[in-house]
Each structure stands twice: as structure tokens, then as C-alpha cells.
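Participant: Sequence:
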Amino acid sequence: MSRMLYSVTMSLDGFIAGPGGDMSWLTPYLGPDPVVDGLIGEIGALLVGNRTFRGDDPHRGTDKEEKPFGGDWTGPQFILTHHIPDTPVPGVTFVGDLDGGVAAAKAAAGGKYVNILGADVARQCLAAGVLDEILVFVAPVMLGDGVRLFDHPGGTHVRLEHVDVARSPHATSVWFRVIG
1 MSRMLYSVTM
11 SLDGFIAGPG
21 GDMSWLTPYL
31 GPDPVVDGLI
41 GEIGALLVGN
51 RTFRGDDPHR
61 GTDKEEKPFG
71 GDWTGPQFIL
81 THHIPDTPVP
91 GVTFVGDLDG
101 GVAAAKAAAG
111 GKYVNILGAD
121 VARQCLAAGV
131 LDEILVFVAP
141 VMLGDGVRLF
151 DHPGGTHVRL
161 EHVDVARSPH
171 ATSVWFRVIG
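full-length UniProt numbering puts the sequence shown at residues 1 to 180.
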């Protein structure tokens with residue numbers, strides 16, 4: 001059975017994108033990472049938020065632009081959006097609701113991870129009780145403002161179980177299992 005994983009790189013002060021969704025801050029922290037390299041082979045499908053899909057790309061201006069994991073991963077992508085475009089995008093399926101997106105991505109993942117990209121989609125999956133694991137790569141930088149890793153006004157207490165921690169030249173990764 002495929003598991004739902006939210007993997008993301010975050011600044012030390014808790015932001016996954018800068019103001020306005022700026023991802024250029026991430027570029028210096030991209031590079032070889034054994035955790036990422038191992039994860040890529042375990043991903044069967046992506047469930048991506050619309051803002052993430054249409055947003056800024058830390059690989060902008062390179063041959064890796066608009067490719068998941070800089071082109072190191074290929075496979076089915078499911079974009080959660082209320083505005084499905086008229087023109088198809090190769091390798092991409094647009095879905096209008098979370099339940100349908102999760103079901104389609106899990107079916108396509110073939111027992112591997114469904115990797116979630118986008119803070120809002122991850123928050124929705126957590127609220128729906130379908131998020132299984134969280135992998136955060138903490139980059140050695142503070143942004144001061146932007147899109148938070150997890151933002152739920154009024155607060156939500158989420159219990160996590162520690163799975164693993166690793167360090168690379170670019171980030172420290174912390175892996176958790178969602179337990180309630």
C-alpha cells in the first residue's frame with residue numbers, strides 16, 4: 001500500500017518559500033544528498049499543489065527547470081486544483097478534489113510513496129488523516145518571511161514519531177511518522 005509523504009526543504013526559521021513564493025533561496029542548497037538520492041527511487045507518484053506546480057522554480061534558467069527533483073525523478077504527477085486547464089500537460093493529471101487526487105496518486109504509485117509537494121496540500125492531507133510521514137530538510141539559512149512549513153491559524157497539535165535524522169553538506173534531514 002502506498003504511503004503519503006510530505007518532503008520539503010525548510011529554512012531554519014520554518015519557511016519553505018520566501019515572500020510571494022520565491023524559491024531562489026533554495027538554489028545554493030541543492031546538490032548531492034544521500035537521503036534525497038535514496039528517496040527518489042522510492043517515489044511512485046507526486047501529489048502537487050496548484051501554487052507549487054505553477055510557482056517559482058529553484059532550477060530556473062537551467063536545463064533542470066520545471067522537472068521534479070531537478071529531473072532526477074520521472075513519473076505520474078497529480079496536480080490538485082480548482083482550475084483545470086484546457087490544454088493537457090504531458091505526464092500531468094489535474095484533479096479537482098483531495099480525495100480523488102489521493103486515490104489516483106496512490107493507485108499510480110504502485111506501492112511506492114506518494115510524495116506531496118506544497119504546504120497547503122500537505123496541510124489538507126494532514127487534516128484529512130491521510131498523511132503518513134514528513135521528511136524535512138533543514139537548510140542552514142533563515143528567511144524571516146514567506147510560506148511556512150505548516151500554518152494552521154488557531155493551532156493544531158500533531159503528534160509525530162521520530163524515524164531518522166541525517167546530515168549532508170547542504171541540509172540536515174529529519175524524518176517523522178504521523179501518529180495523531
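Derived by calculation from the structure, the hints in this document are not laboratory data. Keep in mind that a hint or two might mislead.
[What the hints assert, rightly or not] When the alpha-carbon atoms are kept at most 20 angstroms apart in a straight line, the in silico EDC-like pairs for lysine to aspartate or glutamate are as follows: (1) Lys112 with Glu42; (2) Lys112 with Glu133; (3) Lys112 with Asp37; (4) Lys112 with Asp86; (5) Lys112 with Asp99; (6) Lys112 with Asp151.
[To be verified] Quick list of simulated restraints, FRET-style, between CB atoms: (7) Gly96 with Ile179: 41 to 47 angstroms; (8) Gly96 with Val165: 34 to 40 angstroms; (9) Gly96 with Met1: 22 to 28 angstroms; (10) Asp86 with Asp37: 33 to 39 angstroms; (11) Gly21 with Val92: 31 to 37 angstroms; (12) Val165 with Asp86: 34 to 40 angstroms; (13) Pro28 with Ala107: 23 to 29 angstroms; (14) Asp86 with His152: 22 to 28 angstroms; (15) Asp86 with Thr156: 34 to 40 angstroms; (16) Ile84 with His157: 33 to 39 angstroms.
For each residue, glycine too, the CB sits at the ideal point set by N, CA and C.
Participant: Each hint needs a verdict: does it hold in this structure or not?
Facilitator: Quick rundown of the hints versus the structure:
no.	hint	result
1	Lys112 with Glu42	holds (6 angstroms)
2	Lys112 with Glu133	holds (13 angstroms)
3	Lys112 with Asp37	holds (15 angstroms)
4	Lys112 with Asp86	violated (30 angstroms)
5	Lys112 with Asp99	holds (18 angstroms)
6	Lys112 with Asp151	violated (27 angstroms)
7	Gly96 with Ile179: 41 to 47 angstroms	violated (30 angstroms)
8	Gly96 with Val165: 34 to 40 angstroms	holds (37 angstroms)
9	Gly96 with Met1: 22 to 28 angstroms	holds (24 angstroms)
10	Asp86 with Asp37: 33 to 39 angstroms	holds (37 angstroms)
11	Gly21 with Val92: 31 to 37 angstroms	violated (19 angstroms)
12	Val165 with Asp86: 34 to 40 angstroms	violated (45 angstroms)
13	Pro28 with Ala107: 23 to 29 angstroms	violated (37 angstroms)
14	Asp86 with His152: 22 to 28 angstroms	violated (34 angstroms)
15	Asp86 with Thr156: 34 to 40 angstroms	holds (37 angstroms)
16	Ile84 with His157: 33 to 39 angstroms	holds (35 angstroms)
The structure fails to meet hints 4, 6, 7, 11, 12, 13 and 14 from the earlier list, while all remaining hints are met.
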